[in-house]
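Visitor: So the sequences go chain by chain: A and B. Here the numbering used here is used: the first residue of the first sequence is 1, the next is one more, and so on. Here the numbering used here is used: the first residue of the second sequence is 1, the next is one more, and so on.
By construction, these hints were calculated from the structure, which means they are not laboratory data. Idealized CB from N, CA, C, for every residue including glycine. A few of these clues could be false.
The following label-pair restraints were derived from C-beta to C-beta distances [unchecked claim]:
{"id": "1", "chain 1": "A", "residue 1": "Arg271", "chain 2": "B", "residue 2": "His34", "range": "44 to 50 Å"}
{"id": "2", "chain 1": "A", "residue 1": "Ala20", "chain 2": "B", "residue 2": "Thr3", "range": "44 to 50 Å"}
{"id": "3", "chain 1": "A", "residue 1": "Ile282", "chain 2": "B", "residue 2": "Ala296", "range": "51 to 57 Å"}
{"id": "4", "chain 1": "B", "residue 1": "Met1", "chain 2": "A", "residue 2": "Cys273", "range": "54 to 60 Å"}
{"id": "5", "chain 1": "B", "residue 1": "Leu134", "chain 2": "A", "residue 2": "Ala293", "range": "56 to 62 Å"}
{"id": "6", "chain 1": "A", "residue 1": "Cys273", "chain 2": "B", "residue 2": "Ser188", "range": "56 to 62 Å"}
{"id": "7", "chain 1": "B", "residue 1": "Thr3", "chain 2": "A", "residue 2": "Asp21", "range": "40 to 46 Å"}
{"id": "8", "chain 1": "B", "residue 1": "Arg14", "chain 2": "A", "residue 2": "Ala20", "range": "45 to 51 Å"}
{"id": "9", "chain 1": "B", "residue 1": "Gly57", "chain 2": "A", "residue 2": "Thr204", "range": "50 to 56 Å"}
{"id": "10", "chain 1": "B", "residue 1": "Tyr241", "chain 2": "A", "residue 2": "Ala20", "range": "40 to 46 Å"}
{"id": "11", "chain 1": "B", "residue 1": "Gly316", "chain 2": "A", "residue 2": "Asp21", "range": "32 to 38 Å"}
Over the 12 Å line for every Cβ pair with chain B, so calculated as not near, a few chain A residues [unchecked claim]:
{"id": "12", "residue": "Asn34"}
{"id": "13", "residue": "Gln53"}
{"id": "14", "residue": "Arg57"}
{"id": "15", "residue": "Ser89"}
{"id": "16", "residue": "Asp99"}
{"id": "17", "residue": "Ala134"}
{"id": "18", "residue": "Ser159"}
{"id": "19", "residue": "Trp184"}
{"id": "20", "residue": "Glu194"}
{"id": "21", "residue": "Gly208"}
{"id": "22", "residue": "Thr272"}
{"id": "23", "residue": "Ser290"}
{"id": "24", "residue": "Lys292"}
{"id": "25", "residue": "Arg297"}
{"id": "26", "residue": "Lys313"}
Selected chain A positions facing chain B (in silico; Cβ < 7 Å) [to be verified]:
{"id": "27", "residue": "Gly72"}
{"id": "28", "residue": "Ala73"}
{"id": "29", "residue": "Ala77"}
{"id": "30", "residue": "Thr80"}
{"id": "31", "residue": "Gly81"}
{"id": "32", "residue": "Tyr110"}
{"id": "33", "residue": "Gly113"}
{"id": "34", "residue": "Gly114"}
{"id": "35", "residue": "Asn172"}
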Amino acid sequence: MSVMSFLGAIGAAQKEAMDADERVIIIGEDVEANVYGTTGGGKTRQETGDFVQMYGRNRIRNTPISEEGIVGAAAGAAMTGLRPIVDLSYSSFLYMAMDQLVNQVAKNRYMFGGQASMPAVFRSAMFYGLNTGAHHSDRPYPMFMNAPGLKIMVPSTPSDAKGLLRTAIDMNDPVLTFEACILWGLKEEVNDDEFWIPFGVARTHREGTDVTIVAISSSVHEALAAATELETEGISVEVIDPRTLVPLDKRAILNSVAKTGRLVVVEPAHRTCGAAGEISAIVAEEVFDSLKAPIIRITAPDMQIPFSPSLEKQMYPNKQDIVAAVRKITQKDKERVLA
Amino acid sequence: MATLSREQKIEAQRRMLRIRAFDERASKMVKRGHIPGTVHTSIGQEAQVVGATMALGEKDYMSGNHRSHGHPIGKGSPLGPLMAELQGKSTGVCQGKGGSLHLADFNVGSLGESGIVGSSIPIAMGAALSSQVLGRDTVALAFFGDGAANQGVLYESMNMSGVWNLPVIFLCENNQYALSTPAHTVTSGVIAERAAGFGIPGIRVEDGQDLLAVFDAVSTAVERARRGEGPSLIEVVTYRYNEHSEGLRLGTDYRPADEREAWLKKDPLVLFREHLISVEGFSAEEMDALEAEILAEVDAAVAFSENSPWPDPSVGFKDLYTDSEYAA
Numbered sequence: 001m002s003v004m005s006f007l008g009a010i011g012a013a014q015k016e017a018m019d020a021d022e023r024v025i026i027i028g029e030d031v032e033a034n035v036y037g038t039t040g041g042g043k044t045r046q047e048t049g050d051f052v053q054m055y056g057r058n059r060i061r062n063t064p065i066s067e068e069g070i071v072g073a074a075a076g077a078a079m080t081g082l083r084p085i086v087d088l089s090y091s092s093f094l095y096m097a098m099d100q101l102v103n104q105v106a107k108n109r110y111m112f113g114g115q116a117s118m119p120a121v122f123r124s125a126m127f128y129g130l131n132t133g134a135h136h137s138d139r140p141y142p143m144f145m146n147a148p149g150l151k152i153m154v155p156s157t158p159s160d161a162k163g164l165l166r167t168a169i170d171m172n173d174p175v176l177t178f179e180a181c182i183l184w185g186l187k188e189e190v191n192d193d194e195f196w197i198p199f200g201v202a203r204t205h206r207e208g209t210d211v212t213i214v215a216i217s218s219s220v221h222e223a224l225a226a227a228t229e230l231e232t233e234g235i236s237v238e239v240i241d242p243r244t245l246v247p248l249d250k251r252a253i254l255n256s257v258a259k260t261g262r263l264v265v266v267e268p269a270h271r272t273c274g275a276a277g278e279i280s281a282i283v284a285e286e287v288f289d290s291l292k293a294p295i296i297r298i299t300a301p302d303m304q305i306p307f308s309p310s311l312e313k314q315m316y317p318n319k320q321d322i323v324a325a326v327r328k329i330t331q332k333d334k335e336r337v338l339a
Numbered sequence: 001m002a003t004l005s006r007e008q009k010i011e012a013q014r015r016m017l018r019i020r021a022f023d024e025r026a027s028k029m030v031k032r033g034h035i036p037g038t039v040h041t042s043i044g045q046e047a048q049v050v051g052a053t054m055a056l057g058e059k060d061y062m063s064g065n066h067r068s069h070g071h072p073i074g075k076g077s078p079l080g081p082l083m084a085e086l087q088g089k090s091t092g093v094c095q096g097k098g099g100s101l102h103l104a105d106f107n108v109g110s111l112g113e114s115g116i117v118g119s120s121i122p123i124a125m126g127a128a129l130s131s132q133v134l135g136r137d138t139v140a141l142a143f144f145g146d147g148a149a150n151q152g153v154l155y156e157s158m159n160m161s162g163v164w165n166l167p168v169i170f171l172c173e174n175n176q177y178a179l180s181t182p183a184h185t186v187t188s189g190v191i192a193e194r195a196a197g198f199g200i201p202g203i204r205v206e207d208g209q210d211l212l213a214v215f216d217a218v219s220t221a222v223e224r225a226r227r228g229e230g231p232s233l234i235e236v237v238t239y240r241y242n243e244h245s246e247g248l249r250l251g252t253d254y255r256p257a258d259e260r261e262a263w264l265k266k267d268p269l270v271l272f273r274e275h276l277i278s279v280e281g282f283s284a285e286e287m288d289a290l291e292a293e294i295l296a297e298v299d300a301a302v303a304f305s306e307n308s309p310w311p312d313p314s315v316g317f318k319d320l321y322t323d324s325e326y327a328a
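Extracted from the complex, chain A is given alone in its bound form:
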């Protein structure tokens, strides 16, 4: 075990995978100069150099700013024997490659009757909360949940980032990973050995009996802080991080709601057709009779992200929103008991 940052854990997973399999390559803008911090070589940089020195330019492919071409090249390469990790830097840049991601990467295996496999990982960072304005602040993972054929991971801790990314790289299907930049500096003890976290298995960060909070990406940390505060009020909160949205660990969520009878879903994406809406619908369809109170979604509004720090911070779910929501759905219960 050693202390790793979120970003360092991503770099460690990439290094492991590059060492384990020479078919793994990294392709993207500014990967050679390690601008985004995951191809620098980490703790062993002094001895072994950065990724270019370790693996050479044959496997570290610094690209022009050509997202459509990059994603298409990765798709073609994945169909013919390579296992590309594509660094698309900002999540907002995925739109530049929408045709390739949706029409080629997501569809080819199905359209061609299983002839193709698409072992490619598309990494992108969500720069929300960092005053970068509307063109860099997107949280677009729900759009891609609507494209069958893609798998989607949204890690919230360094350990999860490392274990999930390694699984993604070793998987034979295309994976989009959405990494919240505000988590980049988050540090914790992470296993230095190779490990793989399976997709479709949620992580229960905290067990509770009164309310289930399903939280996504950076919202997990807001939810955990809210749970700590609510505990002092005698409210017991269970916090679940799905970790992967496709596939989604429905069983873990449904079991938890069946136990607690209350659900709050928290995510930084927009409200309409978001992951929170989908999870809410699944719970309403499957365990409606377990619910003691209405489901509450806490999301970003259907609004663009403004630049000014004073305007931006109100756009994302925070601890106070979550505390208020939990109080609301538990308060009604108390009133009923008192009456």
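Please build the complex by placing chain B on the supplied structure of chain A, with the hints as guidance.
Guide: Coordinates of chain B only, in the frame set by chain A:
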């Protein structure tokens, strides 16, 4: 430079005949309702298709577009599973899930057609990247039309392939019309000349009905790519004899009648048959026999397809992922 042997020339004619007969039959089947949806035929463009595919090796890759039955046929795919795919049958090359617009036969290096114009161009670039990274000697060829020549992804791909010296050939099948739009009205300059901007060779084959001219140009590019000298752009001028898609009837005469007449006189199958007789010494009877053999082959492919069952409904829920069938 590579040349076609006498045997290879007969094989080229065989493949051109297959494309013509296959697509003529497919056209009839669409009009009779025996093929669902529509198809886009390569009739008239056979020399351009086969001149290119004969220049590729068995293990070389290619990607196609919406007008792409000819590409796998030109690369050697058997006709039965292709016809079954057009009909949506279980024995189709894509199990009935692709159809005419999404034929793919990985057994012959056909990485698939794309119904999105220009979308499969970087797929070929990626196949070339695999060859380079893994040290294989295979090349990849992207087929696309004059319409796709105005898609930005072509230029992203030409640039990246040029920078990385990838073994890829960008082959523009300029049949002069993007559906109803004459290429010259939407295309600034000459497509082949755009290669100069990327520092790669750009070759224009003015007579795409001449199989040997296409073969020469593509062979040169393939050899160059295999030597590690990088990509090429080839523009082949040709003509489609049929409408953009079968069953489509446009109210406007977007193609002058005399233009079509002139191109019909340059039928690549007739031209190459004459070459095989006058230069290679085959008899007219031998050519007639070959044509009859191919018609029988297409009959057999249709019979194979007609006798095949529809896919089981469960097939519609398979092949989305490698490790699970359906997320719900």
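Visitor: Look at each hint and say if it fits the structure.
Guide: Each hint tested on the structure:
1. At roughly 48 Å, the beta carbons of Arg271/A and His34/B sit within the given window of 44 to 50 Å.
2. The supplied range of 44 to 50 Å is met by Ala20/A and Thr3/B, whose beta-carbon atoms lie about 46 Å from each other.
3. The given range of 51 to 57 Å is respected by Ile282/A and Ala296/B, whose C-beta atoms sit roughly 56 Å from each other.
4. A hinted range of 54 to 60 Å holds for the C-beta pair Met1/B and Cys273/A, which are about 57 Å apart.
5. Checked against the given bound of 56 to 62 Å, the beta carbons of Leu134/B and Ala293/A, roughly 57 Å apart, stay inside it.
6. In this structure the hint that Cys273/A and Ser188/B lie 56 to 62 Å apart at CB is violated, the actual value being about 40 Å.
7. Here the CB-CB span from Thr3/B to Asp21/A is close to 42 Å, well matched to the stated 40 to 46 Å.
8. Checked against the hint of 45 to 51 Å, the C-beta distance between Arg14/B and Ala20/A comes to roughly 47 Å, which is consistent with it.
9. Between Gly57/B and Thr204/A, the C-beta spacing of about 55 Å keeps the proposed range 50 to 56 Å intact.
10. For the pair Tyr241/B and Ala20/A, the beta carbons lie near 54 Å from each other, so the given range of 40 to 46 Å is not met.
11. Evaluation of the 32 to 38 Å hint for Gly316/B and Asp21/A yields a pass: the beta carbon distance comes to about 33 Å.
12. In this structure Asn34/A is separated from chain B by more than 12 Å, as the shortest Cβ-Cβ distance comes to about 20 Å.
13. Residue-level check passed: Gln53/A sits 18 Å from the nearest beta carbon of chain B, beyond 12 Å.
14. With 12 Å as the threshold on Cβ separation, the claim that Arg57/A sits away from chain B is violated: the shortest Cβ distance comes to roughly 9 Å.
15. Distance to chain B confirms Ser89/A as a non-interface residue, since its nearest Cβ pair spans about 16 Å, more than 12 Å.
16. Consistency note on Asp99/A: stated as away from chain B, yet its beta-carbon is not over 12 Å from all of that chain's, at 6 Å minimum.
17. At the 12 Å boundary, the C-beta of Ala134/A stays outside the reach of chain B, the nearest C-beta of that chain being 23 Å off.
18. Look at Ser159/A: its CB is around 23 Å from the nearest CB on chain B, clear of 12 Å, so calling it non-interface holds up.
19. The Cβ of Trp184/A sits about 29 Å from the closest Cβ of chain B, beyond the 12 Å cut-off, so the non-interface label holds.
20. The claim that Glu194/A lies off the interface holds: its Cβ sits roughly 20 Å from the closest Cβ of chain B, which is beyond the 12 Å cut-off.
21. Every beta carbon of chain B lies more than 12 Å from that of Gly208/A, the smallest distance being close to 28 Å; the non-interface claim holds.
22. Every CB of chain B is more than 12 Å from the CB of Thr272/A (nearest about 21 Å), matching its label as outside the interface.
23. With a minimum CB-CB distance of about 21 Å to chain B, Ser290/A clears the 12 Å threshold, and the non-interface call stands.
24. Non-interface call for Lys292/A relative to chain B: holds, since the shortest CB-CB distance, roughly 27 Å, exceeds 12 Å.
25. Every beta carbon of chain B lies more than 12 Å from that of Arg297/A, the smallest distance being close to 21 Å; the non-interface claim holds.
26. No Cβ of chain B comes within 12 Å of the Cβ of Lys313/A; the nearest lies about 34 Å off, and the non-interface call holds.
27. Satisfaction of the interface hint for Gly72/A is found here, the shortest Cβ-Cβ separation to chain B being roughly 2 Å, below the 7 Å cut-off.
28. Evaluation of the Ala73/A hint against chain B yields a held restraint, the C-beta minimum of about 4 Å falling below 7 Å.
29. Here the hint on Ala77/A is kept, as its CB sits about 4 Å from the closest CB of chain B, short of 7 Å.
30. The restraint placing Thr80/A at the interface with chain B holds, with a minimum CB-CB distance near 4 Å, inside the 7 Å limit.
31. The closest approach between the C-beta of Gly81/A and any C-beta of chain B is roughly 5 Å, which is under the 7 Å cut-off, so the hint is satisfied.
32. A cut of 7 Å between beta carbons decides the hint on Tyr110/A: the least distance to chain B is about 5 Å, and the hint holds.
33. The restraint placing Gly113/A at the interface with chain B holds, with a minimum CB-CB distance near 4 Å, inside the 7 Å limit.
34. Restraint check, Gly114/A versus chain B: the minimum CB separation of about 4 Å is within 7 Å; hint holds.
35. Given hint, Asn172/A at the interface with chain B, holds; its Cβ is 4 Å from that chain's nearest Cβ, closer than 7 Å.
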